[in-house]
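Participant: Please construct the entire structure, taking both the sequences and the accompanying hints into account.
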Amino acid sequence: MKRKRKCFFWPVVDTFLEKGTKKSLEELVGKHMEDCQSCRQRFDQERRISLLLADLFVEYREVEVPVVNLEPQTVRIERRGFGWLDFPKKPVWVTAGLLASFFLIYFSFFRFGQPNRPAAVSEKPGCLETKSEQPASPHPSLSPTRERIKVRGKGDKMFTQQEETGSAGEGAAFWVWFDRGVSLVGFPQEVRALSQSPGPDWTDKSR
Amino acid sequence: MGFLSNRDEPRKDKEVLIQELLAHRERLYRTSLFLSKGNTDRAREVFQETMLAACQSLGRYRGRASFYTYLYRILLNTHYRFLRQERRRKDVPLDTVERFLGAKGNNPLEEMVATERRESLYQAIMSLPPKSQVVVLLRHLEGLSYEEIAKHLSIPLGTVRSRLSTARGILSRILKKPNF
Numbered sequence: 003m004k005r006k007r008k009c010f011f012w013p014v015v016d017t018f019l020e021k022g023t024k025k026s027l028e029e030l031v032g033k034h035m036e037d038c039q040s041c042r043q044r045f046d047q048e049r050r051i052s053l054l055l056a057d058l059f060v061e062y063r064e065v066e067v068p069v070v071n072l073e074p075q076t077v078r079i080e081r082r083g084f085g086w087l088d089f090p091k092k093p094v095w096v097t098a099g100l101l102a103s104f105f106l107i108y109f110s111f112f113r114f115g116q117p118n119r120p121a122a123v124s125e126k127p128g129c130l131e132t133k134s135e136q137p138a139s140p141h142p143s144l145s146p147t148r149e150r151i152k153v154r155g156k157g158d159k160m161f162t163q164q165e166e167t168g169s170a171g172e173g174a175a176f177w178v179w180f181d182r183g184v185s186l187v188g189f190p191q192e193v194r195a196l197s198q199s200p201g202p203d204w205t206d207k208s209r
Numbered sequence: 260m261g262f263l264s265n266r267d268e269p270r271k272d273k274e275v276l277i278q279e280l281l282a283h284r285e286r287l288y289r290t291s292l293f294l295s296k297g298n299t300d301r302a303r304e305v306f307q308e309t310m311l312a313a314c315q316s317l318g319r320y321r322g323r324a325s326f327y328t329y330l331y332r333i334l335l336n337t338h339y340r341f342l343r344q345e346r347r348r349k350d351v352p353l354d355t356v357e358r359f360l361g362a363k364g365n366n367p368l369e370e371m372v373a374t375e376r377r378e379s380l381y382q383a384i385m386s387l388p389p390k391s392q393v394v395v396l397l398r399h400l401e402g403l404s405y406e407e408i409a410k411h412l413s414i415p416l417g418t419v420r421s422r423l424s425t426a427r428g429i430l431s432r433i434l435k436k437p438n439f
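As you go down the protein sequences, you meet chains L and C in turn.
Counting from 3, one number per residue, gives the positions in the first sequence under the working numbering.
Counting from 260, one number per residue, gives the positions in the second sequence under the working numbering.
Hints may be right or wrong, so weigh each one.
Partial list, computed: chain L residues near chain C (C-beta under 10 Å) [claimed, not checked]:
#1 R50
#2 A56
#3 L58
#4 R63
#5 V70
Output of the computed footprint for chain L on chain C, the stretches with three or more beta carbons under 8 Å from beta carbons of chain L [claimed, not checked]:
#6 286 to 296
#7 301 to 312
#8 391 to 400
#9 406 to 412
Rather than coming from a laboratory, the hints here were simulated on the basis of the structure.
Heads up, the beta-carbon is just placed ideally off N, CA and C, and yes, glycines get one too.
Facilitator: Here it is in structure tokens:
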């Protein structure tokens, strides 16, 4: 589509439309538009749009504006939401915090390839057996624990725990997992020692 | 904790902003009436909601745009929210029915043609980009001069001219249809 060539008089027409009808300008524009078809078309078009818009908007000019009560008693002019969270770059900080907490949990509880166990003695191929270093306890449930660790492959080990004296079962497995997890966080040595104990024997009927 | 207090511009006092809001009250209501196609009840509801929303969010005004632009944007958002609700409920305001039936005019046919023309023009204005829309409304609905528009919207005079020219170009293209 070929673009229409602009007339040098267009800015004058624009000024005429902008400022309204001034006597001198009207004469000047009128005189020019007798000869210039482009300017006449443009002027007619603009005037038509202006008239249409004026016709459309005329009914909204004279309106009664309703009263709005904006007293502080009726309208609570406060910032909604959490004020302390309203600072720039909020999403960046929130995302960074979430990521940091995720990595902290991930590396503290799931440290693959670094078993926090003492040296193991092999009993049969593919299995390691360890003995905890706790002193003998008068109660049978607090006796030394024997753990059997299955070695599945290089760097990928699954820990299972069995007891000879008691049957702590899942509870003991949890404490192994918990001990490995909290060792990075830095629990005191006493707590760690406690965590390695199998706990009371709930299956003992004499209790 | 510098990042907590880092703002683009120093904020205006809330009392000053409320005074500005009240100064723009009439203008907002007229625009609301136009957006509601002359339905007074709806315009009042939209206007009321806009004023309340503007009051409640005064603290969030950062001063990047002029205050009127900020209010106009709130008004548009409120209007669109009302439109969505009406579409969901499939409401047709009684005023609109009266208009289409030509109850207010003498000649029903003329009234219908005029209503259709008005509706097309309304759709044409609503299809403009919001920046051009607000300039057109200030110019033709409020009757402000170019300088006043520039002052209201805090933009240069040349920008007002170019936005109006763009709007007129789009409108003339739309209005070249045979029924105009």
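Participant: What are the numbers of the hints the structure violates, in ascending order?
Facilitator: 9
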